[in-house]
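Participant: Please put together the full structure from these sequences, using the hints given.
Protein chains in written order, with the working numbering: chain B, 1 to 495; chain L, 1001 to 1163.
Read the hints as simulated data drawn from the structure, not as lab findings.
Be a bit skeptical, because a hint or two may be false.
Claimed, not checked - Taking CB as the label site, the calculated pair distances span:
no., chain 1, residue 1, chain 2, residue 2, range
1, B, G419, L, P1093, 21 to 27 Å
2, L, I1045, B, W315, 15 to 21 Å
3, B, L356, L, G1086, 48 to 54 Å
4, B, P76, L, W1137, 39 to 45 Å
5, B, K138, L, V1076, 52 to 58 Å
6, B, G33, L, L1013, 17 to 23 Å
7, L, Q1010, B, I40, 58 to 64 Å
8, B, A347, L, G1086, 38 to 44 Å
Unchecked claim - To be clear about the criterion: a stretch of chain L counts as covered by chain B if any three or more of its residues have a C-beta under 8 Å from a C-beta of chain B, and this derived list gives those stretches:
no., segment
9, 1076 to 1090
10, 1108 to 1122
11, 1125 to 1137
Just so it is clear, CB atoms sit at the ideal spot from N, CA and C, and this is done for glycine as well.
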Amino acid sequence: MTAFRKSEDRFVVSASALQERAEVRTTNGNTNGRFDLLQIRPIRWLLHQRAFQWVLTTATLFFFLLAILTGLFGTPAGNKNFSIIFVWIVWWALVIIVLVPFAGRFWCTMCPIPIPGEWAQRRSFIGKRPGKLLGLGKKWPRRLRNIWLQNFAFLGVAILSGVLLTRPQATGLVLLLFVVAAFALSLIFERRAFCRYLCPVGGFIGLYSMAAPVELRVRDRDVCRTHTEKTCYLGSAEGYGCPWLVFPGALERNTYCGLCTECLKTCDRNNIVVNLRPPGSDLLVQKGRRLDEAFKGFIMVACAMIYSAVFLGPWGWLKDMANPATSSGQGMASPTRYLAYAGAFLAINLLVLPGLFYATTWLAKRLGGLKTTPRKMFIEYAYTLVPLGLLAWIAFSLAFVFVNGSYAFAVISDPFGWGWDLFGTKGFPWTPFVPQVVQYLQTGLLAGGLVTAVYLAYRIGRQNGADHAGALRAAMPITVFLTTVTLVFLRLYLG
Amino acid sequence: MRVFSQRLSQQGLIVVVVFVSLSLLVAFAPVPVDALAGTPTTREITVEGRMFDFSPNVIRVNKGDHVVIDFAAMDVVHGLYVDGYGIETEAEPGVPTRVEFVADKAGKFRYRCSVSCGAMHPFMIGELIVGPNTPFWRAVGLTLLAAVGALVFTATNRTEAAR
Ligand code: SF4
Ligand code: SF4
Ligand SMILES: [Cu+2]
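Facilitator: Structure, rendered in structure tokens:
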């Protein structure tokens, strides 16, 4: 019966689709500069295929498993091992330079990590199997419904970067750990608990996806309000309820929608849209700003800074500190030295940078005559670090991707470093790609991030009750802080 | 974000034009770098490479200097590749090699090991700073202009509602 009704609905929908699309989305306001990509027929068709996500994730799962295997069993020489080169250069460049800035959470559409667990939950690869998901389906603990665990998981991985970036076995193990953890969580908790609350990658992808020029939203909220079945959240015969525990009808920011395209299939009111929009729109959404996200902002900026010094700087002693193993790779060089590094690393991430920023926002509050609490001011202004941090990460990543990207050609032919030559490119020499141009790109990126961040500081002041002059005065100390951060990056890259 | 869709006031437009022109000036205005650098001399430097750094790790020369690097590997085979100059050499332990070039481009150029030598090899990096480092100072100027420009622009483009 329902099936019949649905197909009838769909007929009506498609008949009036053109007219509907032409209508302006009035109820939610903010149609500013938006264009629904689903109006393009091939895109609409593609995203409505149940196999869409399956094809992407199966492809990435193949490379992911290869990275685990090459990591664990391949050569210990990092730059000759598929896992190191593909994870830390190719994948990383893809995510931070291409996907996040241009397509938000699109990586999560194709990410293989939660896929084995999701297949198990659904007991299905592509199709929708009726009935409950497999597993205990427990609710995630209320106190952990935030991204603090993601923050700490990221710090945990980041602190080991000296090892992970250089030792294939470590990379292989960590990838294996991710997929096993995601699988286990899928069996214990409902839907994609791992993605939502634990994945170290998901945390910053979510935060920075606010800057993306793409968003998934509903066309008309009133339609959602009257749609009591809420098939997007609960699932239907066409697909599963939102794996990310998001109700699309309430979406205002990209942060926690994993772009799985499931709701496109389950919404029988044709109410889901995928918009192109002015980049960074979500940064002006005040609702949802939280301390855990604010800290994610600090952690990312601090890590970009530390990495730039450790991995791009000329200081051998610093590299030694960050690398807990001896140069021969046998055992620990000096535990105390590494612990000192780890301590300093955590302190900069969690105390120094946030502390300095707290003082800055306190000053901003005084200067701007803002009535909100210092804590609130700290959280709100921390979002200025999103554009600056994202562009700083791109700037940092360009430097090693351009220089070391050529390794990819060699390892694709010889992923294990065992002397294979699958595509005849095994002997491809290390060829730095225009290393000197990177500096100019870095300068442009950082300056662009700074301009956006400063403007955002003003808008945040206005959002918190300051008048024009007050918001400007409040933006002054924030600007000084942001400029100082930018200059530190410039010093590391060009100075 | 209304940054892009917001209609520019006339004042705003003036601010943009002024700051963009200033930025172009800071970025491209010719500076008598060669005069600042002084008379070119020959710099002979011995660089030692070991896992995983160089010593010296920072080399400062002036634009126009004739640079002679004697490169020695202290433990295993290392390479020396200079970004931007594209110069490359390799040395086995006990067999130093020599490269020579004229430092005709100002700025910071990383030099790195070009022979896989162990775990931290991709991060074995030193810095050749060819002074005066005009690219850096231009970048600093641009950054300061960007910050001030963004503030002045916001000051002249009052946002109406507090949203
Ligand atoms: S949150 Fe993490 S595991 Fe989940 S889809 Fe995104 S990147 Fe993959
Ligand atoms: S809102 Fe839609 S696209 Fe986003 S995660 Fe949920 S079901 Fe997937
Ligand atoms: Cu070396």
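Participant: Work down the list of hints and note, for each, if the structure agrees.
Facilitator: Now the hints, each set against the structure:
1. A beta carbon spacing of about 26 Å between G419/B and P1093/L agrees with the range 21 to 27 Å that was offered as a hint.
2. A hinted range of 15 to 21 Å for the beta carbons of I1045/L and W315/B is consistent with their spacing of about 19 Å.
3. The given range of 48 to 54 Å is broken by L356/B and G1086/L, whose C-beta atoms sit roughly 40 Å from each other.
4. A beta carbon spacing of about 43 Å between P76/B and W1137/L agrees with the range 39 to 45 Å that was offered as a hint.
5. Checked against the hint of 52 to 58 Å, the pair K138/B and V1076/L passes, with Cβ atoms roughly 53 Å apart.
6. The given range of 17 to 23 Å is respected by G33/B and L1013/L, whose C-beta atoms sit roughly 19 Å from each other.
7. In this structure the supplied range 58 to 64 Å is violated for Q1010/L paired with I40/B, their Cβ-Cβ distance being about 37 Å.
8. One distance hint, 38 to 44 Å for the beta-carbon pair A347/B and G1086/L, holds here, with the actual separation near 40 Å.
9. Check on the segment 1076 to 1090 of chain L: 3 of its residues sit with their Cβ under 8 Å from a Cβ of chain B, so the three-residue criterion for coverage holds.
10. Coverage of a stretch by a chain is defined here by at least three residues with a beta carbon nearer than 8 Å to that chain's beta carbons; for the segment 1108 to 1122 of chain L and chain B the count is 11, and the condition holds.
11. Chain B is given as covering the segment 1125 to 1137 of chain L, and this holds because 6 residues of the stretch bring a CB closer than 8 Å to a CB of that chain, at least three being needed.
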